Each structure stands twice: as C-alpha cells, then as structure tokens.
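S.K.: Protein chains in written order, with the numbering used here: chain H, 1 to 159; chain D, 1001 to 1365.
Honestly, the hints are just simulated from the structure, not real lab data.
Certain hints may be false.
Okay, the calculated beta carbon distance ranges per label pair [to be verified]:
#, chain 1, residue 1, chain 2, residue 2, range
1, D, Q1345, H, A54, 56 to 64 Å
2, H, R155, D, G1255, 27 to 35 Å
3, D, R1130, H, V95, 21 to 29 Å
4, H, E87, D, N1315, 41 to 49 Å
5, H, V101, D, P1063, 44 to 52 Å
6, D, T1317, H, P71, 46 to 54 Å
7, D, A1341, H, A106, 47 to 55 Å
With a straight-line Cα cutoff of 25 Å, these simulated SDA-like cross-link-like pairs (lysine to any residue) come out [what the hints assert, rightly or not]:
#, chain 1, residue 1, chain 2, residue 2
8, H, K148, D, I1257
9, D, K1216, H, V151
10, D, K1355, H, R149
11, H, K148, H, Y61
12, D, K1262, H, G141
13, H, K148, D, G1312
14, D, K1355, H, G141
15, H, K148, D, P1035
16, D, K1216, H, P146
17, D, K1262, H, H120
18, D, K1355, H, V151
19, H, K148, D, Q1270
20, H, K148, D, V1125
21, D, K1355, H, M139
22, H, K148, D, I1261
23, D, K1216, D, D1258
24, D, K1216, H, A50
So these bits of chain D aren't anywhere near chain H, every CB distance computed over 12 Å [stated by the list, open to error]:
#, residue
25, A1043
26, D1091
27, A1096
28, D1146
29, E1172
30, K1216
31, S1251
32, K1262
33, A1265
34, L1298
Computed from a predicted structure; not experimentally measured.
Quick reminder that beta carbons are idealized off the backbone N, C-alpha and C, glycines included.
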Amino acid sequence: MRALAIFLGMLAGTAFAHSAPNSTLRLEFRADAVHAEYWVPVSELAYARAADPAGEEFSAYLLRHFAVETPGGKAWRVTVDRIHEAEYLEHAFMVVELRLVPPADAAPREFVLVDDTVTHEVHNHMVFVVARHGNRADMLGALQYPAKRLVVAPRQTAR
Amino acid sequence: MRTTIAVLIVVAACAVTPAQSAQPSAALCQSPQAPAGAHEVAAELDKLRPLLTDKQRADLDRPLSAASAIRWSNLPIGIVPRSGLRLGDLDDRQAAAARAVFSAALSPCGLAMLDQVRLADDSLVPFDKRPIGWGGGNYYLSVLGDSSSKAPWMLQIGGHHLAYNFTFKGREAGATPLFVGTEPIRFEIRGQQVEPMDAQSHAMSRLAAAIASQPKARLSGTFTDVVKGVVVTDVPGGMPTGGTDTGFPQSYPAGDIDRGIKVSALSPEQRELVRAAIASFAQLPDSAISGALLADYLSPAALDQTYVGFAGSPNLTTQGSYVRVDGPRAWIELVVQRAIAQPDQLHYHALWRDKQSDYGGEVRR
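Model the full assembly from the supplied sequences, consistent with the hints where possible.
M.R.: In structure tokens form, the structure reads like this:
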C-alpha cells in the first residue's frame, strides 16, 4: 500500500544507531512445522520495496520474495501468522511470525530457504539464519546478494 | 581549492592535495626507515610491555583464535565492546612506546590515518548523548598470540572507524581485513582542514568518474554499507548483528555479471586510476607488511582480471554512492553513508580485504 510505503520511508530516515542493520530469520524446529520469526529492518526494506513497487500489502510482498522448499524442490506451505514492529539496537524492524509446514512426505528439518526480500535490491544486506533453543541461538547460515538460496539444517545438538 | 593539512602529530607527507591524491605515489607513503617486519614490530612491543601494569599487559596480550581474530567492527565500543590496551588510558611514556609500535607497523600514511580518524571521533564526543563511546581514546592495541614465537600472531589496532588487522608469520602475508571510516568526512582543528580519507576517497571517486560513461561499470542495486563488512557480535539468545565473517571464509562474486567493468577493457589512463585506488589502501600498512600484496594486485595479469564498478554518484556526494575494486585477490570498497552524529551530513566506510590472505590465511571456519 502507498501509505505503508510512505511510512516505511519515514522510518528509514530516522534509523539512528548505524546505517545498515541486517535481517535475522530465527527458527524453532517443532515436531510438525518450523516456526519462524523474521526480523527485517525497516530502513533496508524501504529500499527494497521502492525498487519493487507492486503496491501490495507487506505480507503479500513477503510471500512473493520468501519461500521454503525441500532439498528435492517440493514447496513447503508458508503462512504469515502475525506482523508487528519492534526495535533492536535502535533500529526499527518489521517482525513477521511465520509458520513453515513441510509437504506430507517431508520432515520439518532440513529445507532450502529461498529469499530475496531485501537482498534483491540492497546488495550489502545480510540475512542471518539462526536456530533458537531457549536462550541459545545457533548460526545456521547467511544469505547475501546475489545468493538467494540457502540450505538450512538444524544441528544434531538442536534436538 | 580544498587542502588537507596535517595537524598535531600527523605526518606531513600524507597531507596530499586532491590533485595529488589521484595518483598517490609510493614515495608519499614510504617510511624514511627501512621497511619493518614482524621482528621490528615485536621489538617495539617488547619495549612497551615493561611500561604497562599487569592488568594492561593482560589486556594487550591475548590468545590468537578465530573468535579473537574476527573481533573487529565499524561500530562504536558502546555497541561492540573491544578488548585490548585502551589508548586513552596510556600515560605519556606508554603512549610514546605504543606509538613506536604503530610506526613500525604502519606507513606514514597509515599512521596519519590512525591519528586523523581518532581526531574525527573526538569531534563526535559532544554529540554522544547516549553515550555509545565515540572518542579517540576508545581505540585499542592488541596482540593475539605470542609475538616472540615463530607461530602466527596478529597485531590489531582499532576502534570505531578503524580496524588494522596484521598477521605475522602466518601462511600468507596478512594485512587485512583493513576497515577505515570517517565521520565527519572533513573537519577543522585550529583553523586547519583535516580529511582523514582524502587520498582514498579521491582515488576511488576519480576512478568512478573515469568509468561512469561505460554501462557495464554501473553496479545494480543499493548500497547502504560495505558488502564484506563487520563481524558478528554474539549476544546469547539474541540476534546477530554485523556482517560476513560469520561465514568465513568469504564467498565473493564470480563470473562476469554485475561486477563492473574489467580493467583489461580500460584505457591506460583509466588503468592508472585503478592502480592509484588500490595503492591508496594497500600503502597504509608498512611496506614490509603489504608491499608484496600490492605488487601482486598491480601485476599486469592480476590487473587485467580485476573488475571496477560503482553505484550512485561518482563524485561521492550522495548517500549510497559506492565504488569497488574486485580483483583476483584484492577486494576494496568505499561507500557513502548518512552521518550518525549530524544526519544532514555524510560519512565514509571503506574496506580492503584479500580473498586469499585475510588474517594471514590463519582463520578458517
């Protein structure tokens, strides 16, 4: 929506602590699905959406740029449960809560993340992928332009 | 015409004018002494240590590990705390001895960069209301590993807008990663203009201007910071911040797409601007540390395989302007960002990495 784009642009101008916050995809591997919390910095998202001005709601934009599939190429079902805003290290973030459900014959473990929500435009931007275990977080990998596919597999100790 | 005048302890030889900075000659950055290698740097450290307290020696000397090596950042210490000997805590004798270490490890231009970047940080202190630790005192000296042994060791000098990471006795000659930034871009002290990154910004700008008319030279996308930047800060249970050493070793662009224009396609005059841009960074360390790297980067074969590209304004006057040199080994990038203390101003970040010998080739994850 145009109003959202204007809002994002305003926030982009007020990011304070430092100029280039990165995204983080925080994953919780559960028995039947993977729950994800995607922290996307508003300042960098504004550049990405300005370069892809389809005029759609953020959730629709996200689902056009974010997907999950099995290593064999079968799509997982991705649904947006909730979107809210938060601040971290003085940067504004859109926090998207996602549910990632594998196809019937696949376990919610290893998958291929396909994502260029911000990186299609902001070429220094990083997407860190971490697995959460209570107060601990394991780094599973990172994406940066031109890459937009990342094999994600929880470490064995994460069980 | 703007001039940059060396002030305080800044070495006059590095106060290059814009006209000079297009082609910084090696002579401008050469030390009057013979090149200093690991032995000379270690000898100066041996003179410093007896002047330190036990606590300061413990701060200075720490084990070399992947985790300690990649612990550098472009963020102030309030966001990314540093370890090491804090320069702002040194008394006069200690400071003089530390300076002898810097002089052994840095060219006159590299030493001037350290001085001027710290002065720039000092100028931010009145704006630091939170505070996040701006200030020239918040720069650190660290030795990772044993500087008296035959094993690899690192010398780190840095703070908010500077990270010198020199590796001695490693698999490779290690002068990188080398990060430098400045906010403000230029400032005045006692009526004299200081511009810490004058040589680097003008060399990169002149290169961008020279190639701007060639469509392949323009990189796609937006750049809000350097691409291969700072390290992660590990916040237990929290989100990682920072950059790409998380996945060390780095992956760099391959192929011919969106890397800029190949130097082999440039005119002799344009090639000379590429050489000047590379040299403006590679001549910051003492030539014993980076001379062989520079020679490698500037060899005809390597230069022909090097790409140069830019985004935004070639004259580096707008936020998001970006210039990059992407060679078989050298990765040098400079980006223009909005200033933090005074958001109506701009500031620079720049990074030199070596695709082969970052951390002396000693850090593998």
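S.K.: Would you mind marking each hint as holding or not holding in the structure?
M.R.: Each hint, compared with the structure:
no. : hint                         : in the structure
1   : D:Q1345 - H:A54: 56 to 64 Å  : 34 Å, violated
2   : H:R155 - D:G1255: 27 to 35 Å : 32 Å, holds
3   : D:R1130 - H:V95: 21 to 29 Å  : 24 Å, holds
4   : H:E87 - D:N1315: 41 to 49 Å  : 35 Å, violated
5   : H:V101 - D:P1063: 44 to 52 Å : 45 Å, holds
6   : D:T1317 - H:P71: 46 to 54 Å  : 47 Å, holds
7   : D:A1341 - H:A106: 47 to 55 Å : 51 Å, holds
8   : H:K148 - D:I1257             : 16 Å, holds
9   : D:K1216 - H:V151             : 32 Å, violated
10  : D:K1355 - H:R149             : 22 Å, holds
11  : H:K148 - H:Y61               : 16 Å, holds
12  : D:K1262 - H:G141             : 31 Å, violated
13  : H:K148 - D:G1312             : 24 Å, holds
14  : D:K1355 - H:G141             : 20 Å, holds
15  : H:K148 - D:P1035             : 45 Å, violated
16  : D:K1216 - H:P146             : 17 Å, holds
17  : D:K1262 - H:H120             : 23 Å, holds
18  : D:K1355 - H:V151             : 24 Å, holds
19  : H:K148 - D:Q1270             : 34 Å, violated
20  : H:K148 - D:V1125             : 40 Å, violated
21  : D:K1355 - H:M139             : 23 Å, holds
22  : H:K148 - D:I1261             : 24 Å, holds
23  : D:K1216 - D:D1258            : 8 Å, holds
24  : D:K1216 - H:A50              : 23 Å, holds
25  : A1043                        : 38 Å, holds
26  : D1091                        : 33 Å, holds
27  : A1096                        : 34 Å, holds
28  : D1146                        : 30 Å, holds
29  : E1172                        : 24 Å, holds
30  : K1216                        : 16 Å, holds
31  : S1251                        : 8 Å, violated
32  : K1262                        : 18 Å, holds
33  : A1265                        : 22 Å, holds
34  : L1298                        : 26 Å, holds
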